[in-house]
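Novice: Here the protein sequences come in this chain order: A and B. Each position in the first sequence, counted from 1, maps to that position plus 215 in the numbering used here. Each position in the second sequence, counted from 1, maps to that position plus 61 in the numbering used here.
For the record, the hints were derived by calculation from the structure and aren't laboratory data. C-beta atoms are modelled at their ideal positions from N, C-alpha and C, and glycine is treated no differently. Misleading hints may appear alongside valid ones.
What the hints assert, rightly or not - Anything over 12 Å on all C-beta distances counts as not near chain B; from chain A, calculated: (1) GLU229; (2) GLN235; (3) VAL244; (4) SER274; (5) VAL293; (6) HIS295; (7) GLY301; (8) ALA334; (9) GLU350.
Stated by the list, open to error - Taking lysine-lysine and the DSBU-like style, the derived pairs with C-alpha atoms no more than 30 Å apart in a straight line are: (10) LYS73(B) x LYS273(A); (11) LYS73(B) x LYS339(A); (12) LYS352(A) x LYS273(A); (13) LYS273(A) x LYS339(A); (14) LYS113(B) x LYS273(A); (15) LYS299(A) x LYS108(B); (16) LYS273(A) x LYS299(A); (17) LYS73(B) x LYS113(B).
Chain residues, written in single-letter form:
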Amino acid sequence: MIRVQTEDFDLGREYQALRQASHSPGAIVTFTGLVRDLSDRQNITAMELEHYPGMTEKSLQAILDEASQRWSIDQVSVIHRVGKLGPDEQIVFVGVSSAHRRDAFAACQFVMDYLKTRAPFWKKEFTPEGAHWVEAKDSDSRAADEWRDG
Amino acid sequence: MRVNIWYFARIKEAVGCEQEQLDLPDSKTTVGDLVNALSDRGDRWQKALRDKSLLVAVNQAVASMETVIAEGDEIAFFPPVTGG
Chain A
216 MIRVQTEDFD
226 LGREYQALRQ
236 ASHSPGAIVT
246 FTGLVRDLSD
256 RQNITAMELE
266 HYPGMTEKSL
276 QAILDEASQR
286 WSIDQVSVIH
296 RVGKLGPDEQ
306 IVFVGVSSAH
316 RRDAFAACQF
326 VMDYLKTRAP
336 FWKKEFTPEG
346 AHWVEAKDSD
356 SRAADEWRDG
Chain B
62 MRVNIWYFAR
72 IKEAVGCEQE
82 QLDLPDSKTT
92 VGDLVNALSD
102 RGDRWQKALR
112 DKSLLVAVNQ
122 AVASMETVIA
132 EGDEIAFFPP
142 VTGG
């Protein structure tokens, strides 16, 4: 399940939906990403998320398809918000159900690492000093690269 | 041939354009050819589109400067992604 939306999401509701859609899973792993209120020691007053409608969904689907091929998972859900968000708001949710925890943890981590380096979203941070586009991080591309060697 | 071009994030801000339709000579067949044509518009375009970190998609799939483009294609230029 993929949703790209401006609205906030309810973690408990999404967990239950994932649980209901799954077939007697032994494990469910969820991840939530949030807006921090500090970036490079500057106060973030807001964050704006731009995306490429159409390609965003395709890209996320490709990531979920790869996760399903590489690990034994039952259901996987991704929700990514776009638009203007405030500090401490939720940005992204990834949930994975599986028979076993090892596959659920690995698939969840993989989806996040690939989402951060492949899905067409761009963050802009607003501070009292002005707005700037967030730069892609080497640590994120290294994390994604590590999954390549299988 | 007519193509649709999208610009995102700081590329969009740098060139001052979000989306446009462009008529290209049929002889200009690759993304690289398109970049050359757009760079001729001036410094702002040259600087944004010659950036080494620039990414490109054709019909919403990751592409490169060598990717061949055709009539009706959607081409997008954007910086490295920062979602999640």
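Novice: Work down the list of hints and note, for each, if the structure agrees.
Specialist: Hints, verified against the model:
| no. | hint | in the structure |
| --- | --- | --- |
| 1 | GLU229 | holds, 17 Å |
| 2 | GLN235 | holds, 26 Å |
| 3 | VAL244 | holds, 16 Å |
| 4 | SER274 | violated, 8 Å |
| 5 | VAL293 | violated, 10 Å |
| 6 | HIS295 | violated, 6 Å |
| 7 | GLY301 | holds, 18 Å |
| 8 | ALA334 | violated, 5 Å |
| 9 | GLU350 | violated, 7 Å |
| 10 | LYS73(B) x LYS273(A) | holds, 22 Å |
| 11 | LYS73(B) x LYS339(A) | holds, 13 Å |
| 12 | LYS352(A) x LYS273(A) | holds, 23 Å |
| 13 | LYS273(A) x LYS339(A) | holds, 23 Å |
| 14 | LYS113(B) x LYS273(A) | holds, 25 Å |
| 15 | LYS299(A) x LYS108(B) | holds, 28 Å |
| 16 | LYS273(A) x LYS299(A) | holds, 23 Å |
| 17 | LYS73(B) x LYS113(B) | holds, 16 Å |
Of the numbered hints listed earlier, those contradicted by the structure are 4, 5, 6, 8 and 9.
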